[in-house]
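Enquirer: Could you build all of it, start to finish, from the sequences and the hints given here?
Listed below, chain by chain, are the residues.
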Amino acid sequence: MEAFTTHTGRVVPLRRSNVDTDQIIPAHWLKKVTRDGFEDGLFEAWRKQDDFVLNQEAYKGGTVLVAGEDFGTGSSREHAVWALQNYGFKAVISPRFADIFRGNSLKNGLLTVVLPQQTVEALWELAESDPSTPVTVDLVERKVLAPGVEAPFELDENARWRLLEGLDDISLTLKNDDAITAYESGRPAFKPLTQQA
Amino acid sequence: MGRTLAEKVWDDHVVTRAEGEPDLLFIDLHLLHEVTSPQAFDGLRKNGRRVRRTDLTIATEDHNTPTLDIDKPVADPVSRTQLETLRKNCADFGVRLHPLGDVEQGVVHVVGPQLGLTQPGMTVVCGDSHTSTHGAFGALAFGIGTSQVEHVLATQTLPMAPFKTMAVTVNGELPEDVTAKDLILAIIAKIGTGGGQGYVIEYRGEAVEKLSMEARMTICNMSIEAGARAGMIAPDATTFEYVRGREHAPQGADWDAAVVYWKTLRTDDDAVFDHEVVIEGGELAPFVTWGTNPGQGAPLSETVPDPASFEDQGARLAAEKALEYMGLSAGQPLREVDVDTVFVGSCTNGRIEDLRSAAAVLKGHKVADSTRMLVVPGSVRVALQAVEEGLDKVFTEAGAEWRHAGCSMCLGMNPDQLQPGERAASTSNRNFEGRQGKGGRTHLVSPQVAAATAVLGRLASPADLTDVRVPAGV
Chain D
1 MEAFTTHTGR VVPLRRSNVD TDQIIPAHWL KKVTRDGFED GLFEAWRKQD DFVLNQEAYK
61 GGTVLVAGED FGTGSSREHA VWALQNYGFK AVISPRFADI FRGNSLKNGL LTVVLPQQTV
121 EALWELAESD PSTPVTVDLV ERKVLAPGVE APFELDENAR WRLLEGLDDI SLTLKNDDAI
181 TAYESGRPAF KPLTQQA
Chain P
1 MGRTLAEKVW DDHVVTRAEG EPDLLFIDLH LLHEVTSPQA FDGLRKNGRR VRRTDLTIAT
61 EDHNTPTLDI DKPVADPVSR TQLETLRKNC ADFGVRLHPL GDVEQGVVHV VGPQLGLTQP
121 GMTVVCGDSH TSTHGAFGAL AFGIGTSQVE HVLATQTLPM APFKTMAVTV NGELPEDVTA
181 KDLILAIIAK IGTGGGQGYV IEYRGEAVEK LSMEARMTIC NMSIEAGARA GMIAPDATTF
241 EYVRGREHAP QGADWDAAVV YWKTLRTDDD AVFDHEVVIE GGELAPFVTW GTNPGQGAPL
301 SETVPDPASF EDQGARLAAE KALEYMGLSA GQPLREVDVD TVFVGSCTNG RIEDLRSAAA
361 VLKGHKVADS TRMLVVPGSV RVALQAVEEG LDKVFTEAGA EWRHAGCSMC LGMNPDQLQP
421 GERAASTSNR NFEGRQGKGG RTHLVSPQVA AATAVLGRLA SPADLTDVRV PAGV
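Residue numbers (full-length UniProt numbering), protein chains in the order written: chain D, 1 to 197; chain P, 1 to 474.
In case anyone wonders, no lab produced these hints; they're calculated from the structure.
Note that this is a predicted model, so its numbers are computed, not measured.
Backbone N, C-alpha and C fix where the C-beta goes; we use that ideal spot for every residue, glycine too.
Wrong hints could be hidden among the right ones.
[What the hints assert, rightly or not] Ranges between beta-carbon positions, derived for each pair: (1) P/A18 to D/S185: 14 to 24 angstroms; (2) P/A75 to D/P152: 49 to 59 angstroms; (3) D/A189 to P/E324: 52 to 62 angstroms; (4) P/M1 to D/E57: 50 to 60 angstroms; (5) D/G186 to P/A18: 14 to 24 angstroms; (6) P/T303 to D/E184: 53 to 63 angstroms; (7) P/E209 to D/T8: 48 to 58 angstroms.
Expert: Next up, the structure:
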């Protein structure tokens, strides 16, 4: 996983709540068997509307998506995270994320930042009055900085450390191989098997 | 202090626990399907890793599979490639697979329970958010992403962040015309699509205890639509009877030992939930959604709400956008909404009991000329059982299409899709924009409401059909 320390970029204001993963990447894109090439599917239906924020010249190249609450609800498809990253987003800010989407994002180095609705509104207004306004998402200091905005955010220490170091979860877990084997040897005999190993 | 059901199952699966780290949980059952697994198997190959426990892993094909002409090659080459990729991955890594055409093939969340692989007190994961279905057995069941699928394949464990506990208690008895689907839609409308965020919900109370396993699966299935990490129901005699005798159920002394353990899987009387919600079951009525998220629902007897009636600005804006997308106006009676397509199926309502209840409503009626009805059993086994009971005949004689098993129109990854502007009453779980096909409009309903809607060509409940039954012999 690519490490995330700090990122400065422009905001793309998405004034919508309940952005589900079907909107982020529609199901027909899920037939692909790779982790890349999803950028054209990102918000595919909404991008057919000329006035959609990603179609506005002023927001081209924006890397920090700021959305309303309950971002990433619905399907567990990790393709939603890949699509956002393939398109160029480095961070997403929302007052509340769906759990599975958040887990997926942090495993791929897409930083998801929870900020209060009020701060989200302030970032929307900044980006709408001047789309070139820079915003910094600093994981080291756990702060989002923009003109007139200094917003601390929370992220549990373990997840933060993994992101800062760009660590691979599987390698970390395999260090506990002995503990897994010990657990396995104590499992009750009545637990089902799908086949003989 | 006592523990909740979820905490007990969690504690029994902790492999390592350390201050400042997520618990490492052992996974008892890993379900796979073609859509969210290819990149995970690629990751294993790239790192020279194997599947640690092929004996705790099982795969089926469901999301992409066609429901017509299943004996012919899959027409869509991209879908075909994805199915072939799963077959190759399962062969290369030694994973048991039930492909299209196999008698055990079907929607992954229908297949697990029907094989008896889903049992109380287990941890179950799948790269699919509706894995919460298996919580109906008192299992702790989570939907996961593809990175986690790879993690479980390689280690049979998952590091999991702690959760909060929520009790949803449903008192009393559900009225006769109210189903598990109506109940869960009402719960989601009450707590909202983000209300369960961070929680494992335990559904309890008299009305829940009386539900069949199929109905309990419908409830737990849609926990994710309330934003919850999982949903659970304590196992009881109904659960044990459902599991008993299934292919992978414990036998003999193992069965006795299992039941002794399963009976301990109840929330202790002195356990405290982080949040509690109480619903009076007797006050519920058939429920449908009017908007584009599962929390935007109302009793069928009501009208489309006026966005201006929402105090919260975000909810008001969401309602405005939803009505525009759905082509509905505030104040319009829900019973007057005309429907083009009715879909009965999915991991929410594609089990035998769902087909029985839809058929019971449909029997002796015809699907309206203006409406098409698709019935897609959740698995091949469900289809065979339905045929044995003559349900397929009830559907086809009424003018509905009887299809092969799969996810089908729930998410429209196969050819079963809505056309732009087409309106559906669907027993599935998501009414998101474009979910069932680009521009399609979805109302989530129970199987009974679906069947009544098909007959009248507008949103309806079985009670609306009393005057229109076709006389015998006509």
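Enquirer: Which earlier hints can't be squared with this structure?
Expert: none
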